[in-house]
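Visitor: The two chains are supplied separately, each in an independent frame; assemble them into the complex guided by the hints.
Chains X and S, in that order, give the protein sequences.
For the first sequence, this note's numbering assigns the number 1 to the initial residue and increments by one for each residue that follows.
For the second sequence, this note's numbering assigns the number 1 to the initial residue and increments by one for each residue that follows.
Simulated from the structure, these hints should not be mistaken for lab results.
Keep in mind it's a predicted model, so treat the numbers as computed, not measured.
We put the CB at the ideal spot given by N, CA and C, even for glycine.
Mixed in with the good hints, there may be bad ones.
Stated by the list, open to error - Derived DSS-like pairs (lysine-lysine); straight-line CA-CA distance at most 27 Å: (1) X/K238 <-> X/K168; (2) S/K50 <-> S/K171; (3) X/K10 <-> X/K36; (4) X/K282 <-> S/K28; (5) S/K171 <-> X/K10; (6) S/K28 <-> X/K10; (7) X/K10 <-> S/K49; (8) S/K50 <-> X/K271; (9) X/K282 <-> S/K21.
As the list claims (entries may be wrong) - Restraint ranges, calculated between C-beta atoms of paired labels, are given here: (10) S/K211 <-> X/E20: 24 to 32 Å; (11) S/D54 <-> X/K204: 49 to 57 Å; (12) X/K350 <-> S/E250: 55 to 63 Å; (13) X/G194 <-> S/D54: 38 to 46 Å; (14) X/P316 <-> S/D80: 40 to 48 Å; (15) S/K211 <-> X/V29: 50 to 58 Å; (16) X/F288 <-> S/D19: 26 to 34 Å; (17) S/A201 <-> X/P58: 20 to 28 Å; (18) X/P58 <-> S/D12: 56 to 64 Å; (19) X/K350 <-> S/L253: 25 to 33 Å; (20) S/E15 <-> X/G197: 39 to 47 Å; (21) X/V29 <-> S/S163: 45 to 53 Å; (22) S/E15 <-> X/P316: 37 to 45 Å.
Residues per chain are reported as follows:
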Amino acid sequence: MKLCYQMDEKYEMIRMGAREFAEGEIKPVAGELDEKEEFSVSLTQQMGDIGLFGMTVPEAHGGQGLDYISYIIAVEEIARVDGSQAATLAAGNSLGINPIDIFGSESQRRKYLPDLCQGKTLMGFGLTEPNAGSDAGATSTTAVKEGDSWIINGRKTMTTNANTPITKGSMVQAVTGARPDGKPNYTCFIVENGTPGFTLNTMKRKLMWRGSNTAELFFNNCRVPSDAVLGNPGDGFKQMLATLDGGRLSIGAMGIGCAQGAYEAALRYSKERIQFGRPICKQQAIAFKLADMELKIELARNLLYKACWLAENKRPFGKEAAMSKLYCSEIAREVADEAVQIHGGYGLFKDYDVERFYRDQRLLQIGEGTSEILRLVISRAIGC
Amino acid sequence: MNIIVTVKQVPDTHEVKIDPKTGALIRKGVPSIINPEDKNAIEEALRLKKSSDDGQVTVLSMGPPQAESTLREALSMGVDRAILVSDRAFAGADTLATSYTLSMAIKKIEKYDLILCGSQTIDGETGQVGPQLAEWLNLPQATHAEGINIQGNLVTVKSNFDSVTRVIEMKTPALITVSNRINKPRYKHMNKVLRAYRDKAVVTWSKEDLKLNPIRIGLNGSPTWVKKTFVHRHSRDGIVIEKPAANSAEDTLDFILEKALLKF
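Same shape as in the complex, but just chain S (with noise of 0.2 Å):
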């Protein structure tokens, strides 16, 4: 069983801080991490492939120069294969060009059961990704999954929504998202950190190893862009009526009305 598993590292959002000023993320001086989720995808590939006879766990990030510890990381959990795709002209990619850079990248790789990927980023959060990828590959999909069971070529996803549970049942290849709620991910052990240094390459591709339409990739490629981030403020400003509840009932009223939280 082959599963490629994809990964990206972001800032530690739990140390991001906000500039008073602007209102802009702090980027600077911020430690990156493997996106949490991305860890969890690594850890079901790493049981799934442990249940099956053979076969190779990959993981594939697209990202800056740096994000090759990343990759060491995976490394040192244990998986088998590292690729980095990187190149200044995936720069200022959105969730479309960078799903299709990767399905470029996954056709290079060509051999795969499997493709798991986190549900979200904690940086992005928009969780576009994997289904984009799906689509660009043509493969079956199921999101947010919990529970994944194998058996031969067919796949069981388990769900849960709320009050719903949502069992889908697949043909490999496919693609699945996984939720943080579907294991706890493996320590890195000592003697795959050193492996991970010693014995294994991290492969970079670069625009030139993948055969990509120009006008897909990079910030040209990009049909969406982050516009402005901002941080809420929240005030507690709200009116005080001071008259006998018989009287305030129709202030209220009127006041709930103006601020149209209720509409009839």
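Next comes chain X alone, as it looks inside the complex (with noise of 0.2 Å):
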């Protein structure tokens, strides 16, 4: 019988170390970077330093060597915690390194990938732009052969961890021409931070991710060499489908360490609280819905597992992932939602942590594939 749900003691230690540092060093400061809208580059070299960048980068290539449920838990643990400081994470991990490891030269991987893997510096991957978010296909940005190099020009939007004190450069979706059926040929091109023609600008005043740097990129003639291609001209377009397919994963793993943070701290205040003479978790309205955020986060951690296992032995995923990236956001805003109703009054004050996943979990719906591409994802699997 090849069905199991037992998890290796394996998984278990690397939840562990990965709870251990969210609490010991992410926790005391979460509250006051979400505040001040700070990316923090100290905690992400730290979470270079125990190995939570390159997760799922083979050691030959400066990575971690694990395998992708293992990422998955470290990002669900350090989500637990904090949607910023996991979201620097899963972007990049999944958007900053796994393109490069999977599509890039050998020069390109020996290159970035060393400095990336140890959180010594990141990577932004820029696809979304002003007039091309879900309809990818409107991507405006252009790069024109000329001689041995290529010419950028365009813009991109809401890129993360594109423009911190430690980014090396951001990965660039553009336009290089038609297919024969008159569709857009698209490459992927990394361009360094510095570059002539390529300047930044962080988003401020976002609603959530306050501790998570997002940023504009803005291409004016800018120049880049050929060997900055990721693979090959005209790869673009596959690269980008199999980055968010991994992508999405990494944002399941957000929903439901967001989730079970929120459900966490709404279950002990329910213990704590006491109104007409015991806790409020004695009265069933309470507790029920404790009962429906313990069952959504566990339908929801064995859906995204399953995905994992199904990309981890090299199966088609792609279904399984945007079911696992919509249930887990939607279960996330739902949690979140609960757990501040139960704190009451008090959940809506940033003194209580509640608050933050609030809003932290709201990204989650949109980012990596809005709900509604990824039900239109679905149901093209399914033959509609």
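Guide: In structure tokens, the structure reads:
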């Protein structure tokens, strides 16, 4: 009988390791970083020091050599404490490191991966544009070949990790011509910060993920060498789809972590808060909410781990990745919302962590594939 | 520089609850953790090893088979080797039987410059095993270390006790017990977790692997045993004396003398 729900002790050790770090180093400062909308280089580098970056990159390439489930568990545990640091970590791994590891040339790997996998540098993934969100086909950033280099013009927005003091650069999707059928040809370029013609602007005044760096990228006749191409010219579209599938798993992990953190806070509070002479968890109205939270998180986790298992075993997992991201992000919203409700008036104050979890979950239904697009992906997968 | 660190798997006493009826500890369902000061000892060993050229940090533990996960935790922090000494015959051991058994395992390891131990556990809290080990092995010892310095075969240990600072200099091999003030233990490293399970074996030694005197091990080798564990019940009973101050002084003195709070 092949079905098994026992997790190896190794995964418990990964979980414990990430949790101890999150509670020891992130928890004491998360509220302040959120309040000040400040990115922490120190926390990022500490995450690198314990091997949280490059988790699925082979040891031979400078990574930690772990499997997908280990990575997802680590992201879950960081998100259980703080969404901003989890975003830095998840985007750093799924969008900043994995594309280079999977699609990059040997020299690109050697050039960028060692520092990225140690948390010494970060890399962004410039995909979204002001007029190209769900409609990736409306990308208007272009790259034109000129001799031995390419000239990039255009703009990217809402790119995580792109403009921190330790950012090395970003991978940028650009249109590089048209296919025979008229559809655009995409190519991905690695553009280093500091390249002439490439400027950045950090986007502030966010509702959530305030401790995570989000930036706009501007390309004005930005010249890059031909070895800046990730893989081969024309590979951009399939690279983007593959990257998104992996990214969806890590967003799912962020949803579970957020839900778990909010749920535990609500459970704890419900046992301490006395009204009508007894803890409010003794009121069924409250107990039932908590029971539903436990149920949703359990379901979400099972689905996500199955999607990870499929990915790890090189089976098609696009549908499951979409389902996981969709479900995990939506239960994060529901659980965080009810967690605030259970806290009553206190849940509306920043002194209580649930207030931040209530805000931090909001991106999860939007980024890396809106819930609407994911439903499209799933419905296409089932033949609609 | 070869360093041996002794570690113990203990129940997480923060999670231990007291049975309200018997006053005894409820151990069931309590998670097991690595004794906190043993983590400080591991951290110190890793730091000391780093500053020397080569050598190994070995963790050693005496415990039931499930103590293996504690050793994997130590491997996840970066120690080189892990040895578990485990046998039904060791069960019921007090500190003396434990330190005897550990000393025989250390004799089997043979090559070491330093033995590091946590100064005490959070369950037994005797602080005895470290010093006993030094005696079994005929080694110089320093306890409650807050700073360790090694130059060649000379080790200097600094300890703080209230208003007194003590500095001890010893020749290696030596044994040191560390206080939790000595350092901040490192977090587990993800790649080291992978290696702890993929590359490293936890070596297990049973009674047969060590040349033990049977009357010194386990329950039979224990001159002490825990008779009772209970929680003090505190009450705030007292006597209220409702007389003017001049008259109540006599009653107060009588009360103090009767309860023997002061002796003259």
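Visitor: Does each hint hold? Answer for all of them.
Guide: These are the hints, each one checked on the structure:
The suggested pairing of X/K238 with X/K168 holds, with an alpha-carbon distance near 24 Å, which does not exceed 27 Å. For a cut-off of 27 Å, the pair hint linking S/K50 to S/K171 stands: about 20 Å separates their Cα positions. For the proposed pair X/K10 and X/K36, the alpha carbon gap of about 37 Å is over 27 Å, so the pair is violated. Among the hinted pairs, X/K282 with S/K28 is consistent with the structure: their alpha-carbon atoms are about 25 Å apart, no more than 27 Å.
Taking the CA atoms of S/K171 and X/K10, the gap is near 40 Å; set against the 27 Å cutoff, the hint is violated. The straight-line distance between the Cα atoms of S/K28 and X/K10 is roughly 23 Å, inside the 27 Å bound, and the hint therefore holds. The straight-line distance between the Cα atoms of X/K10 and S/K49 is roughly 26 Å, inside the 27 Å bound, and the hint therefore holds. Annotation: proposed proximity of S/K50 to X/K271 is violated, straight-line Cα distance about 47 Å (limit 27 Å).
For the hint pairing X/K282 with S/K21, the CA-to-CA distance comes to about 24 Å; that is within 27 Å, so the pair holds. For the pair S/K211 and X/E20, the supplied restraint of 24 to 32 Å is violated, since their beta-carbon distance comes to about 39 Å. Checked against the hint of 49 to 57 Å, the C-beta distance between S/D54 and X/K204 comes to roughly 51 Å, which is consistent with it. As the Cβ distance of X/K350 to S/E250 is approximately 59 Å, the hint placing it in 55 to 63 Å holds.
The beta-carbon spacing between X/G194 and S/D54, approximately 41 Å, falls within the hinted interval of 38 to 46 Å. Restraint check, X/P316 to S/D80: a C-beta distance of roughly 42 Å satisfies the suggested window 40 to 48 Å. At about 53 Å, the beta-carbon gap between S/K211 and X/V29 stays in the expected band of 50 to 58 Å. Between X/F288 and S/D19 the Cβ separation comes to about 31 Å, which falls inside the hinted range of 26 to 34 Å.
Roughly 23 Å separates the CB atoms of S/A201 and X/P58, a value that falls within the hinted 20 to 28 Å. Under the hint 56 to 64 Å, the C-beta atoms of X/P58 and S/D12, about 36 Å apart, miss the expected range. Taken as a hint, the range 25 to 33 Å is violated for the pair X/K350 and S/L253, whose Cβ atoms sit roughly 56 Å apart. Between S/E15 and X/G197 the beta carbon distance is about 58 Å. The supplied range of 39 to 47 Å is therefore violated.
Against the hinted window of 45 to 53 Å, the Cβ-Cβ separation of X/V29 and S/S163 comes to about 35 Å, which falls outside the hint. For S/E15 and X/P316, the Cβ-Cβ distance of about 43 Å falls inside the hinted range of 37 to 45 Å, so the restraint holds.
Checked against the numbered hints above, the structure violates hints 3, 5, 8, 10, 18, 19, 20 and 21; every other hint is satisfied.
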